[in-house]
Every structure is written in C-alpha cells, then in structure tokens.
Amino acid sequence: MAEKSLDKFKYRTLRFLDVTGFTVFDPVVRLAFREEPNKQLKALFNYMLIPIVFALFCIFVWWQVAPNHKTKSGEVPTPDVVWNSAMINHTFSTREQTKERDFLLVGDARLAAIAEVEAMAAAGTAQLAKLEATLAQHAAGNIKQLADRIAPLQARLEIIEAQSGVINAEMKAAVNAAAAAIERGEGTAQPLLAALRAEDEAKDAGRAAESFIKAQIDDIRSDKYAPLNQARLDVNAVADKLQFLTKRIDFLTTSNRSIRVAAAEEQLAETQGKLAEATTAKAALSEAKRAIRNESLIERLEQQQYASAMTIYTQINRSLFTVFIGFIVAAMVAIPLGVLCGLSRIAMACLTPIISIFKPVSPVVYLLIFQIVVGAFFPDPDSHPLFLFLNSLPFLSTLAINPALIFSACTVAACAVWPALVNTALGVATIDKDHINVARVLRLGFKDRLFKIIIPSALPLVFAGLRISLGVGWMVLIAAEALSSSDGLGKFVWDEYQNGSSFSFANILYACFVVGIIGFLLDRMMIILQRLVSFDGGSTSL
Amino acid sequence: MSYLEIDHVSIGFGPTNNRTEVLKDVHLSVEENEFVAVVGFSGAGKSTLISLLAGLVQPDQGEIRLAGKVIKEPSPRLGIMFQNYSLLPWLTVFENVALAVKQAFPKYNAAEMKEHVEKYVAMVKLSPALGKKPAELSGGMRQRASLARTLSMQPEILLLDEPLSALDALTRAEIQDEIINIWESDRRTIVMITNDVDEAVLMADRIVPLTMGPEATLDEAFPVDLERPRNRTTLNTNPVFRHLRTEISRYMVTLNEDSKALKADKIVDLPSVMPIDFSIYPHIPARGRRRRDLVKVLDPTTTFFK
Numbered sequence: 128m129a130e131k132s133l134d135k136f137k138y139r140t141l142r143f144l145d146v147t148g149f150t151v152f153d154p155v156v157r158l159a160f161r162e163e164p165n166k167q168l169k170a171l172f173n174y175m176l177i178p179i180v181f182a183l184f185c186i187f188v189w190w191q192v193a194p195n196h197k198t199k200s201g202e203v204p205t206p207d208v209v210w211n212s213a214m215i216n217h218t219f220s221t222r223e224q225t226k227e228r229d230f231l232l233v234g235d236a237r238l239a240a241i242a243e244v245e246a247m248a249a250a251g252t253a254q255l256a257k258l259e260a261t262l263a264q265h266a267a268g269n270i271k272q273l274a275d276r277i278a279p280l281q282a283r284l285e286i287i288e289a290q291s292g293v294i295n296a297e298m299k300a301a302v303n304a305a306a307a308a309i310e311r312g313e314g315t316a317q318p319l320l321a322a323l324r325a326e327d328e329a330k331d332a333g334r335a336a337e338s339f340i341k342a343q344i345d346d347i348r349s350d351k352y353a354p355l356n357q358a359r360l361d362v363n364a365v366a367d368k369l370q371f372l373t374k375r376i377d378f379l380t381t382s383n384r385s386i387r388v389a390a391a392e393e394q395l396a397e398t399q400g401k402l403a404e405a406t407t408a409k410a411a412l413s414e415a416k417r418a419i420r421n422e423s424l425i426e427r428l429e430q431q432q433y434a435s436a437m438t439i440y441t442q443i444n445r446s447l448f449t450v451f452i453g454f455i456v457a458a459m460v461a462i463p464l465g466v467l468c469g470l471s472r473i474a475m476a477c478l479t480p481i482i483s484i485f486k487p488v489s490p491v492v493y494l495l496i497f498q499i500v501v502g503a504f505f506p507d508p509d510s511h512p513l514f515l516f517l518n519s520l521p522f523l524s525t526l527a528i529n530p531a532l533i534f535s536a537c538t539v540a541a542c543a544v545w546p547a548l549v550n551t552a553l554g555v556a557t558i559d560k561d562h563i564n565v566a567r568v569l570r571l572g573f574k575d576r577l578f579k580i581i582i583p584s585a586l587p588l589v590f591a592g593l594r595i596s597l598g599v600g601w602m603v604l605i606a607a608e609a610l611s612s613s614d615g616l617g618k619f620v621w622d623e624y625q626n627g628s629s630f631s632f633a634n635i636l637y638a639c640f641v642v643g644i645i646g647f648l649l650d651r652m653m654i655i656l657q658r659l660v661s662f663d664g665g666s667t668s669l
Numbered sequence: 609m610s611y612l613e614i615d616h617v618s619i620g621f622g623p624t625n626n627r628t629e630v631l632k633d634v635h636l637s638v639e640e641n642e643f644v645a646v647v648g649f650s651g652a653g654k655s656t657l658i659s660l661l662a663g664l665v666q667p668d669q670g671e672i673r674l675a676g677k678v679i680k681e682p683s684p685r686l687g688i689m690f691q692n693y694s695l696l697p698w699l700t701v702f703e704n705v706a707l708a709v710k711q712a713f714p715k716y717n718a719a720e721m722k723e724h725v726e727k728y729v730a731m732v733k734l735s736p737a738l739g740k741k742p743a744e745l746s747g748g749m750r751q752r753a754s755l756a757r758t759l760s761m762q763p764e765i766l767l768l769d770e771p772l773s774a775l776d777a778l779t780r781a782e783i784q785d786e787i788i789n790i791w792e793s794d795r796r797t798i799v800m801i802t803n804d805v806d807e808a809v810l811m812a813d814r815i816v817p818l819t820m821g822p823e824a825t826l827d828e829a830f831p832v833d834l835e836r837p838r839n840r841t842t843l844n845t846n847p848v849f850r851h852l853r854t855e856i857s858r859y860m861v862t863l864n865e866d867s868k869a870l871k872a873d874k875i876v877d878l879p880s881v882m883p884i885d886f887s888i889y890p891h892i893p894a895r896g897r898r899r900r901d902l903v904k905v906l907d908p909t910t911t912f913f914k
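Protein sequence lines correspond, in order, to chains A and B. Under this note's numbering, think of the first position of the first sequence as 128, with each following residue one higher. Under this note's numbering, think of the first position of the second sequence as 609, with each following residue one higher.
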C-alpha cells in the first residue's frame with residue numbers, strides 16, 4: 128500500500144517536472160526511487176553534469192578574459208565582482224527596510240532598538256580602531272616593501288647615471304679635440320662628425336638604460352599591495368556599517384516619527400497655554416493661528432511614511448507591475464479582436480492592414496508617442512486625483528505610480544498586442560472541421576459555439592501567442608524604462624551607466640542577469656499555463 | 609410514402625468549369641425502424657451521402673424527406689455518429705455527452721441531466737471512463753463515447769458514418785454487437801455506411817450498394833432474410849449468409865471492374881508539353897529585350913507553366 132502511494136508520488140513529481148519543463152531533473156527523481164540506476168546515472172552525466180561543467184568552463188573563460196580588457200569604466204568585472212555587486216545591492220535593500228522599520232518604531236521597542244544599535248556601534252567603533260591600526264601597519268609595511276624593492280634599482284640607476292656622466296664627459300672631450308684639430312689646421316671634418324655621432328649615440332644609450340630602470344621602479348610603485356588593499360576594504364566596510372548605524376540612531380531618535388509627533392505636540396501644548404493666557408486680541412489671534420498650524424503639522428507627521436530610496440528589489444517590483452499591466456491590457460485587446468478576426472473574414476480583411484503596418488514599428492516610436500499622449504492627460508501628476516488615489520493604496524504606494532509607469536505600460540501593450548492577436552486569429556481560424564460539424568449537428572447557439580468549441584480549441588495557440596507577447600513586453604519594457612527614465616530595472620541600468628562609479632559596470636552586468644532570470648521565469652510561467660490549457664498532451668492536471 | 613426518403617438527389621463540388629459530380633440521381637426509401645446498410649468503396653461518396661442525410665450539406669437537385677418534411681439543416685431527430693469520433697478533446701466523456709443532452713433536452717435540471725448522461729454512458733459500457741478525456745481513451749472507447757453522445761439525444765434516425773472502420777477486428781465485433789443490442793432493445797431507424805460486407809450482412813435488414821464514383825448512385829438493394837438475433841459464430845456456416853455475402857462481394861467486384869473498364873475507355877487528351885531547356889539562358893536576371901524573348905519561349909499555351 129505504502130509502495131503504491133510512493134509510486135503515485137513519484138509519478139506526480141515526474142508529471143510536475145514535465146509540465147514545468149524541468150525534465151532535466153527527471154533522472155534525479157527516478158534515481159531517488161531507484162529506478163534503473165545505471166540508466167539514470169548515464170542520463171545525469173550526459174544532460175546535467177556535462178552542461179554544468181560547460182557552464183563552469185564559460186565562467187572560467189569570463190574570469191580569465193575579463194581583466195585583460197580595460198575600458199573607460201575600469202576593468203570588465205569578473206564573476207566575483209558581479210556577485211559582490213549583487214550582495215551590495217542586497218545589503219542596501221535590507222538596510223533601507225531596517226531604516227523604515229526604525230522610522231516607525233515607537234515606545235519600548237524603540238528604546239530597545241536604540242540600545243541594541245548603540246551596542247553594535249560601540250563594537251563597530253572598536254573594530255574600526257583595530258582595523259585602522261592594521262591599515263596603518265600595512266601602509267607602513269607597504270612603504271617598507273616598496274623601499275626594499277626599489278632600493279637596488281635606485282642604486283643601479285645611480286651607477287648608470289654616474290657611468291653615463293663619465294662617458295658623456297669623455298665624448299665631449301673627443302668632440303672638442305676634433306674641433307680643436309680643425310682649428311689647428313691638422314684634421315678634416317670627418318673625425319669631428321664621427322665624434323659628434325658617437326656622442327649622440329652614447330647619450331641615447333644612457334637615456335634608454337635610465338628609462339628602463341625608471342619604468343621598472345614605476346611598475347613596482349603601481350603594483351598593488353594585497354594586504355593593504357584588503358585592509359582598506361575592511362576599513363571601508365566597517366566604516367560603511369558604522370555610518371549606517373549612525374543613520375539608524377538618527378531614525379530611532381530625532382528623525383523618528385513618534386518623536387517628531389511628540390515634539391510637535393509639545394509645541395502645540397505650549398501654544399495652547401499661551402493662547403489661554405493671551406489678553407490682547409492681536410496676541411490671541413497669532414497664537415490661535417499658530418495652534419492651528421501645529422495641529423495640521425501633527426496630522427501630517429502622523430501620516431508620514433518613510434521615503435525609501437529605490438532599491439533593486441523595488442525596481443524589480445515596479446518593472447514586473449508595469450509589464451503585467453501592459454500585458455493584461457494587450458491580452459484584453461488582442462484576444463477579443465483575434466477571435467473576431469478568426470471568425471469573420473471581413474474583420475480579418477479590415478484589421479490586416481492595421482496589423483501589418485503597426486506591428487513592425489519600433490518600440491521607441493511608441494514610447495515617444497505615449498509619452499506625449501499620456502503627458503497631455505496628466506499636466507500636473509503630483510496633484511492628479513488618480514495618482515493620489517493609486518499611491519494611497521497599500522501595495523501600490525511602494526511602486527510610486529506616475530505617468531512614466533503608465534506610458535511604459537502603454538508601450539509594452541502596443542508592442543505585445545500583435546503576437547497574441549495574430550496567434551488568436553490563427554487559432555480560431557484553423558479550428559478542426561470535425562469540431563465545427565459537431566457544433567452544427569448538436570445545433571449549438573452562438574454563445575455555446577464560442578465558449579464550448581471555438582475558444583477551447585483555440586486556447587493552446589492563444590497561450591502560445593500570449594507567451595510570445597510577454598517575452599516581447601519584457602524586452603520592450605527594459606528599453607522603454609532606460610530611455611524614458613521611468614523607475615524600474617531599465618532605469619537602474621541607465622543610472623549605473625550614467626553615474627560611472629567603480630561599481631557601475633558590475634551593477635550593469637548584475638542587472639543583465641536579473642533581467643534575464645526574470646524573463647526566463649516569466650516564460651516558464653507562460654509555458655506552464657500553456658501546458659495546462661492544451662488538450663493534446665493528455666491530462667495536465669496536477 | 610416511406611419514413612425517410614432520398615428523392616433523386618444529385619450533388620457535386622467545385623467551380624462550374626471543373627465540377628465533380630459526386631452523387632447523381634440517388635434514390636432510396638427507408639422504412640421506420642429499418643436497419644439499412646450502404647456498402648461502397650472508399651471515395652465513392654459515402655460520407656457525402658451521410659452529410660446530406662444529416663442536413664450538413666444541401667443537394668443540388670432532389671430532396672431528402674423525413675416523414676414528409678424536407679431536411680434543410682441538422683435536426684435533433686437525426687443523430688449522426690462520425691467516422692473519426694469527433695469528441696471534443698478538452699471535455700471529459702461526461703461533459704461531451706452532457707453537451708449534447710443539454711441541447712436535446714434543455715429543460716433538464718442538473719440531477720436529471722446526470723442521470724440521463726450516466727444511463728447512456730452505461731449503455732455503451734463506458735461508465736468507468738466517465739471522467740476521462742478522449743486522449744486517455746482507446747479508439748474503441750472513443751467510438752463508444754461518440755455512440756453514447758449520439759444515442760443520448762434520442763434521435764429518431766441514427767446515421768452511422770463508417771463507425772467501426774478505424775477499429776481493430778476484436779473491438780469492432782464487440783461494438784457491432786453493442787449497436788445491434790441497442791437497436792433490438794430500443795428500435796429505431798438506422799442508416800449505416802460501411803465498406804465491410806460481412807458487417808453489413810450481420811447487422812442490416814437491407815443492403816444497398818453504392819456504385820463507384822464519380823456520379824455514384826445507389827443500386828438495387830439486397831434484402832437480408834436472416835433471423836434475428838443473428839449469432840456471429842454460427843452465421844459463418846449459415847448457407848443463406850454465405851450465399852448473400854458471396855453475391856454482394858461478387859457484385860462489388862464487378863462494380864470495381866466496370867469502373868476500371870469505364871476509366872480505361874475514357875481517352876484523355878494530354879497537353880502537348882515540351883520541357884524547357886533552361887541551360888541555354890544565362891543565370892542573370894533577364895531585362896528588356898531578353899526578358900521579352902524569354903516570355904515568348906515560356907508561353908503558357910506551349911508549356912505547362914502558367
């Protein structure tokens with residue numbers, strides 16, 4: 128009995144892998160259930176081990192090739208640098224979350240947090256002092272090792288300089304002697320010319336020897352001293368952390384929301400006291416006005432949210448949200464129109480020219496058009512009721528919805544609508560003739576015919592189209608965000624490109640991986656949906 | 609006047625200049641509760657005949673009448689069972705049958721509907737597969753489901769379009785028995801189309817041969833005077849059965865030979881075609897005068913290029 132349920136579990140797992148398209152893990156599952164171990168091991172070796180080795184090989188090549196190529200933004204980052212940049216982005220994001228939490232903390236929790244942070248800061252300061260000492264030590268070590276390495280070269284340089292001084296003097300004397308001989312009328316011009324040439328050659332040789340040694344010295348000076356570098360990085364990391372802790376203390380104390388509210392309330396109480404004691408009309412009026420101002424200030428402070436900086440994760444959220452809005456709009460337009468086109472040849476004839484002309488238009492053109500059109504709708508987005516409403520909603524407020532998001536989404540929709548439309552029309556138009564006959568024989572009405580026969584039969588192709596649409600939409604979105612500086616992954620890349628810090632290149636490569644992996648996951652999601660609605664592959668229920 | 613009457617019906621397909629007359633002057637009368645089998649070679653126009661009967665296509669000439677009324681469109685009184693099952697692959701067996709039941713009996717509530725569907729699925733012995741989709745069923749099971757769907761609409765006339773031709777011999781025999789049992793217990797008119805003489809003799813009251821197409825027509829019927837129930841195993845030794853089978857088979861073979869002879873008699877003028885020697889033309893695009901010359905050589909009246 129237990130064996131049977133285990134078998135069932137196995138087939139369910141295999142079925143799941145099949146539907147999700149991860150058949151590469153098939154042998155792992157089969158091996159776990161001891162099914163033909165030799166065959167599975169062979170499959171594992173061929174289809175898993177070899178690809179992994181190949182991936183490692185690619186990373187190795189990257190690692191080897193990258194540092195050889197110097198660019199304006201520094202060396203091409205190696206995998207570890209990119210990984211490091213991913214970690215830095217992650218840390219930044221978690222720190223923003225911590226600060227937000229701190230900003231909202233009240234009461235005992237706040238006090239406890241202050242104590243904790245101060246303890247951490249004290250430990251950090253101690254550590255920093257220790258690390259700075261190490262840094263100083265390594266700096267001294269660096270100077271010493273440089274001096275040690277340069278000293279012999281310096282000595283050789285001095286010798287060479289002395290030697291060339293001697294040779295130069297000799298050469299000068301020979302030249303003078305040849306010139307004097309001519310003056311005396313004893314010699315010809317030949318020896319003088321020869322002597323001058325010899326002098327030039329000797330000077331060149333001397334300079335070449337000197338510059339060779341000097342170049343060696345420069346090389347040694349520019350050599351990076353690994354312990355010193357490491358010490359510097361350590362110091363920077365700890366200093367960075369300390370700065371963050373200082374910021375936290377600020378958000379836990381003076382900048383904390385509850386503290387600011389309390390301060391405002393105190394001021395209000397004071398004003399009200401003064402108002403009660405006021406005797407002249409003028410004083411009473413001014414105090415009353417101040418009290419009202421204080422009240423509205425308190426109200427505003429109580430509502431205040433932490434103004435979080437855009438982290439990579441909020442950018443991802445925003446991009447995903449934008450692409451889904453665009454995709455859903457595209458699907459809502461494409462599917463009904465596609466069904467209409469598939470059903471009626473007249474509709475197809477009407478839409479064919481529109482599809483043919485607007486399909487090949489570059490996303491950039493759509494972006495600009497929608498930027499203008501959407502901009503015209505919202506002349507003053509900050510006070511527009513739509514955005515005020517959207518930004519007061521719980522999840523959406525973190526995405527900072529603005530016209531830029533709307534026209535990015537419109538651009539995505541404009542580019543994603545075509546594949547879905549064409550595929551839906553094709554799916555509806557190529558419905559099996561037998562199924563049409565069944566509909567006729569059963570004398571189904573239009574509604575039943577549409578929802579029981581036509582749409583189910585077209586669904587696999589509809590989803591194939593939607594899958595292409597989502598892929599296109601994701602690609603278009605990143606470009607649109609980069610071009611229009613609309614927050615999202617595209618803007619992340621664009622900002623990194625623009626600010627040109629030492630981490631920029633690594634961040635861009637990191638974003639490249641993020642965009643790729645998310646695109647892959649979106650595609651997988653659509654494949655699963657497609658498999659679930661397609662009827663030709665048998666039962667796909669999990 | 610008979611119950612179902614095909615009255616000098618002709619039908620053809622294609623544009624007027626290249627028209628194929630599939631059926632010409634077809635005449636057949638079927639009595640109520642009669643089991644008629646139409647036997648013909650493949651390509652003779654059997655499926656066209658059944659589509660005509662079902663009202664899926666309209667004849668060019670003549671009429672088809674059911675109890676005196678002309679059939680103009682598919683009607684719930686006519687149940688058709690297609691050769692290739694035609695089950696909807698995204699629905700389970702139950703849902704496939706239920707879709708038909710809902711159309712035939714729109715006033716049923718959920719419980720009545722369920723009962724009705726289950727009754728007919730049980731009739732074709734498919735109850736265990738009620739919740740399965742067609743892709744999970746064997747060919748025989750699919751044809752049973754298709755039969756259940758047709759029967760569940762309780763049509764007055766069953767039109768079976770080579771229902772068993774895609775099945776293996778064993779499954780075939782089983783479903784033949786099934787159809788006969790159902791017909792015997794619940795009499796109704798059946799027109800079955802088949803290419804299997806044995807099957808026709810075993811099942812039908814009357815066998816009508818369809819001559820070879822094009823311009824196929826129904827010939828003189830062979831009545832089957834065998835007692836029912838007919839036993840498949842003893843039938844092989846029954847002299848009446850053997851005689852009938854031999855007779856029909858011989859007739860069909862003559863039909864075939866006749867048609868071959870007919871075909872041989874026909875002399876078709878082949879166009880005078882000359883292959884073009886492209887090697888004499890250089891492999892560069894022709895323009896101007898050379899193009900005109902080329903076009904002259906490639907004249908469609910002298911070549912097969914159009």
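These are computed hints drawn from the structure, not numbers from a lab. All C-beta atoms, glycine included, are put in the ideal place defined by N, C-alpha and C. Some hints here could point you the wrong way.
[To be verified] Straight-line C-alpha distance at most 27 Å; calculated DSSO-like pairs for lysine-lysine: (1) Lys-137(A) to Lys-710(B); (2) Lys-680(B) to Lys-574(A); (3) Lys-257(A) to Lys-271(A); (4) Lys-135(A) to Lys-740(B); (5) Lys-351(A) to Lys-374(A); (6) Lys-710(B) to Lys-632(B); (7) Lys-409(A) to Lys-197(A); (8) Lys-226(A) to Lys-374(A); (9) Lys-722(B) to Lys-740(B); (10) Lys-166(A) to Lys-137(A); (11) Lys-574(A) to Lys-740(B); (12) Lys-715(B) to Lys-574(A); (13) Lys-574(A) to Lys-632(B); (14) Lys-574(A) to Lys-722(B); (15) Lys-135(A) to Lys-169(A); (16) Lys-740(B) to Lys-560(A); (17) Lys-715(B) to Lys-680(B); (18) Lys-401(A) to Lys-416(A); (19) Lys-740(B) to Lys-727(B); (20) Lys-710(B) to Lys-740(B); (21) Lys-131(A) to Lys-257(A); (22) Lys-131(A) to Lys-677(B); (23) Lys-199(A) to Lys-351(A); (24) Lys-632(B) to Lys-560(A); (25) Lys-351(A) to Lys-257(A); (26) Lys-740(B) to Lys-131(A); (27) Lys-351(A) to Lys-341(A); (28) Lys-351(A) to Lys-271(A); (29) Lys-341(A) to Lys-299(A); (30) Lys-680(B) to Lys-560(A); (31) Lys-680(B) to Lys-727(B); (32) Lys-368(A) to Lys-257(A).
[Said to hold, decoys possible] If you anchor each label on the Cβ, the simulated ranges turn out as follows: (33) Phe-573(A) to Glu-865(B): 38 to 44 Å; (34) Gly-622(B) to Val-155(A): 54 to 60 Å; (35) Asp-668(B) to Met-475(A): 25 to 31 Å; (36) Arg-838(B) to Val-155(A): 56 to 62 Å; (37) Lys-137(A) to Arg-836(B): 51 to 57 Å.
Here is how each hint holds up against the structure:
| no. | hint | verdict |
| --- | --- | --- |
| 1 | Lys-137(A) to Lys-710(B) | violated (39 Å) |
| 2 | Lys-680(B) to Lys-574(A) | holds (22 Å) |
| 3 | Lys-257(A) to Lys-271(A) | holds (21 Å) |
| 4 | Lys-135(A) to Lys-740(B) | holds (18 Å) |
| 5 | Lys-351(A) to Lys-374(A) | violated (33 Å) |
| 6 | Lys-710(B) to Lys-632(B) | violated (37 Å) |
| 7 | Lys-409(A) to Lys-197(A) | violated (72 Å) |
| 8 | Lys-226(A) to Lys-374(A) | holds (8 Å) |
| 9 | Lys-722(B) to Lys-740(B) | holds (16 Å) |
| 10 | Lys-166(A) to Lys-137(A) | holds (17 Å) |
| 11 | Lys-574(A) to Lys-740(B) | holds (25 Å) |
| 12 | Lys-715(B) to Lys-574(A) | holds (18 Å) |
| 13 | Lys-574(A) to Lys-632(B) | violated (38 Å) |
| 14 | Lys-574(A) to Lys-722(B) | holds (22 Å) |
| 15 | Lys-135(A) to Lys-169(A) | holds (25 Å) |
| 16 | Lys-740(B) to Lys-560(A) | holds (23 Å) |
| 17 | Lys-715(B) to Lys-680(B) | holds (25 Å) |
| 18 | Lys-401(A) to Lys-416(A) | holds (12 Å) |
| 19 | Lys-740(B) to Lys-727(B) | holds (17 Å) |
| 20 | Lys-710(B) to Lys-740(B) | holds (19 Å) |
| 21 | Lys-131(A) to Lys-257(A) | violated (64 Å) |
| 22 | Lys-131(A) to Lys-677(B) | violated (60 Å) |
| 23 | Lys-199(A) to Lys-351(A) | holds (20 Å) |
| 24 | Lys-632(B) to Lys-560(A) | holds (25 Å) |
| 25 | Lys-351(A) to Lys-257(A) | holds (22 Å) |
| 26 | Lys-740(B) to Lys-131(A) | holds (21 Å) |
| 27 | Lys-351(A) to Lys-341(A) | holds (18 Å) |
| 28 | Lys-351(A) to Lys-271(A) | holds (14 Å) |
| 29 | Lys-341(A) to Lys-299(A) | holds (26 Å) |
| 30 | Lys-680(B) to Lys-560(A) | holds (20 Å) |
| 31 | Lys-680(B) to Lys-727(B) | violated (31 Å) |
| 32 | Lys-368(A) to Lys-257(A) | holds (15 Å) |
| 33 | Phe-573(A) to Glu-865(B): 38 to 44 Å | violated (50 Å) |
| 34 | Gly-622(B) to Val-155(A): 54 to 60 Å | holds (59 Å) |
| 35 | Asp-668(B) to Met-475(A): 25 to 31 Å | holds (30 Å) |
| 36 | Arg-838(B) to Val-155(A): 56 to 62 Å | holds (59 Å) |
| 37 | Lys-137(A) to Arg-836(B): 51 to 57 Å | holds (52 Å) |
Hint compliance for this structure: hints 1, 5, 6, 7, 13, 21, 22, 31, 33 are not met, and every other hint is.
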